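Colleague: When you get a sec, could you build the whole thing from the sequences and use the hints?
Line by line, the protein sequences are chains D and Z.
The first sequence begins at 0 in numbering that gives the first Met the number 0 and counts up by one.
The second sequence begins at 0 in numbering that gives the first Met the number 0 and counts up by one.
No wet-lab data here; the hints were simulated from the structure.
Watch out, some of these pointers could steer you wrong.
[To be verified] One side of the interface only, derived from the structure: several residues of chain D facing chain Z at Cβ under 7 Å:
hint	residue
1	L29
2	L31
3	W78
4	S122
5	Y228
6	V232
[Unchecked claim] Estimated spans, in silico, between C-beta atoms of each pair:
hint	chain 1	residue 1	chain 2	residue 2	range
7	D	V155	Z	A64	33 to 39 Å
8	D	A221	Z	Y14	41 to 47 Å
9	Z	P35	D	R41	51 to 57 Å
10	D	E269	Z	G210	56 to 62 Å
11	D	G65	Z	D77	29 to 35 Å
12	Z	R233	D	L211	41 to 47 Å
13	Z	Q268	D	R336	24 to 30 Å
In this text the structure is predicted, and so the values were computed from the model without any measurement.
Idealized CB from N, CA, C, for every residue including glycine.
Number of protein chains: 2
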Amino acid sequence: MGDNAVVNTRPPTIYDVARSAGVSKSLVSLVLRGSPSVSEARRTAVLEAVERLGYRPSQAAAALAGATTRTIGVVIDDWRNLWFVELLRGLQEGLAPHGLRIAVADHTLNAHVEAHPLDGFLSMRVDGLVIATEPTGAMRVPEGLPVVVAGHREGVVPGAEVVANDDRLGARLATEHLIGLGHRGIGHLTGGGGAARLRAEGFAAAMAAAGLEPRTVAGHGATTEEDGYAAAVRLLDAVPETTAVFAANDTMAMGALAAAGERGLRVPQELSVVGYDDSPIASTHLLRLTTVDSRNAEIGAVAAERLVARIGGGPDTGAAVLLEPELVVRGSTAAPRATG
Amino acid sequence: MGDNAVVNTRPPTIYDVARSAGVSKSLVSLVLRGSPSVSEARRTAVLEAVERLGYRPSQAAAALAGATTRTIGVVIDDWRNLWFVELLRGLQEGLAPHGLRIAVADHTLNAHVEAHPLDGFLSMRVDGLVIATEPTGAMRVPEGLPVVVAGHREGVVPGAEVVANDDRLGARLATEHLIGLGHRGIGHLTGGGGAARLRAEGFAAAMAAAGLEPRTVAGHGATTEEDGYAAAVRLLDAVPETTAVFAANDTMAMGALAAAGERGLRVPQELSVVGYDDSPIASTHLLRLTTVDSRNAEIGAVAAERLVARIGGGPDTGAAVLLEPELVVRGSTAAPRATG
DNA sequence: TTGAAAGCGCTAACAG
DNA sequence: CTGTTAGCGCTTTCAA
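Modeller: Structure (structure tokens):
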């Protein structure tokens, strides 16, 4: 009585579609999942009903009934660190063909309010995890869950595979580029974290190999523009004969550029600057920064590959894949001017 | 036989917790959801079992059984546009106290592979939606779903509320700042999209009010650094008497800075530059950009407020909230040099 | 205050 | 090729 006059505000279910198409709900499920063994007539009937009703399968129900969520959780550090943009692209492109989607969670943002972003992902029962953060000891994940740590080598996450670029090598490339240009007074701006440490090591090694003294200075301990600025100011003031600076990342390099400008040092004429990461800011007209491409998109692609393999039942190789970084020469480096 | 020797790799369920704590599963559910009507003894027993087993409630099951997912979907344009970082922060802070979490999806990233990111959110049965993108006609959302369009005024999303800053006013503030400084040759760098158009309108209005001729030039149609660079080059070459530039956003302003540098124009001595958004790059040492604070964090906070109200059963006001932008004066603007 | 029971919407064996 | 039947793990009445 008046039943069909009731406006159902709830989203349509698979039952509604089945009824509307005049088939059973399993048939609807089959069509939606692209089964080949469904007659064309039924298929179109179902598809039309789906369209007509504006039906969207409930992810919750699918996740609960099926064994998998088809989603990979990605934990990132901070939305401001643009290096993960390419990482996400690589991941996305590697995952999508396998019907896997990605969900991103920010570490710092969630830190204030919720527990660890990992908790959310585990509650969500993701099929795999990408940790694009400096791993911490608190990161315990269930055994058997495919996890890859991306961009950081020091994986303290048990059972995780690692995909990263070879920071030591990249730092060497940057330093050798500067040395090859004829620089001798080369300083390094470092920050906190494992990647920064490896880069500092690579810098020191390359300098030592050339018989040069490696000067390394930190800002306030982090790797922000402000840190780069502070470190560069410190370096430039303490060692005026500096003609080149290698920063632990592009953001710090940006700060170094500012410090140089303030001191009237033109880049690259009076000061060469090299960054690291080849993030979007490096290629801007304003910076034209010589940098090291850490190949983040490929890191994402390889991470995706590993995840897909593990999800497909492959073994946990536990191996670390190190991609070779590449030097990208732009306009912020040049040979030093002849010195007295 | 040997049954208990089998290692159960699946995550523990509420049943496991109940058994381990010696209570019924409903009791576990009550404890987890913080019901006051549970004896202290049982509560601790349950909590201990949870801890012991490493239990995490299944989001899928909770969503399916309950009526709500307690998550808000946020659709953004592009991870590179940093303006949404503050938006997210404001949202997060406004939502968290109400037990609501946020899920972020990128429009452009998903565009390649999946359907619309909205589809994902609707499949997920989010409790609300924040659209931080230029809304398009394709954005059909179920009636009754709380939706707020953030940062864009032209909401073609039916039934959505709008929270944004007053772009026209902001542009006027920027332009009047320049005029007040004594500039007369002021150009505007514009891009595509509704916000850019409103900013261009505000610029034109302020210029007209001062009896000045508004020159507006676009780059390649978008609002990237490259567009800002191209537009600035065009402007500076066509109108050499230009002493100030107002860009549609900080990124474009960065491009303008590059164009100025290339032409040997020092900022702010020979060219003043104003951006818009007060994004993280504006406050760097390198840019020290005078800009307009579009108050993104507050936009997020207000959006959160509206969402919470609607979810709590409040009415869809359908209203548009316009926040007043504020001028942030930094080092990229100054009075023009005395001209012949 | 606690337990039992009925689904939520879907997938995945099964039978036909 | 198509329909039937069990659950997936949780929330939520409803009794006890």
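Colleague: Each hint needs a verdict: does it hold in this structure or not?
Modeller: Structure-based check of all given hints:
The beta carbon of L29(D) is not positioned within 7 Å of any beta carbon in chain Z (closest approach about 18 Å), and the interface hint is therefore violated. With a cut of 7 Å, the hint placing L31(D) at the interface with chain Z is violated, because the nearest CB-to-CB distance is about 11 Å. Evaluation of the W78(D) hint against chain Z yields a held restraint, the C-beta minimum of about 5 Å falling below 7 Å. Taking 7 Å as the C-beta contact cut-off toward chain Z, the hint placing S122(D) at the interface holds, the least distance being around 5 Å.
Annotation: Y228(D) was flagged as interfacial toward chain Z, and the flag holds, the nearest CB pair being 4 Å apart, inside 7 Å. For V232(D), the interface hint is violated, since its Cβ never comes within 7 Å of a Cβ in chain Z; the closest pair sits about 9 Å apart. Checked against the hint of 33 to 39 Å, the C-beta distance between V155(D) and A64(Z) comes to roughly 36 Å, which is consistent with it. At about 46 Å, the beta-carbon gap between A221(D) and Y14(Z) stays in the expected band of 41 to 47 Å.
Checked against the hint of 51 to 57 Å, the pair P35(Z) and R41(D) passes, with Cβ atoms roughly 52 Å apart. As the Cβ distance of E269(D) to G210(Z) is approximately 44 Å, the hint placing it in 56 to 62 Å is violated. Restraint check, G65(D) to D77(Z): a C-beta distance of roughly 32 Å satisfies the suggested window 29 to 35 Å. A beta carbon spacing of about 45 Å between R233(Z) and L211(D) agrees with the range 41 to 47 Å that was offered as a hint.
The hinted range of 24 to 30 Å is satisfied by Q268(Z) and R336(D), whose Cβ atoms lie roughly 25 Å apart.
In summary, the numbered hints that this structure violates are 1, 2, 6, 10.
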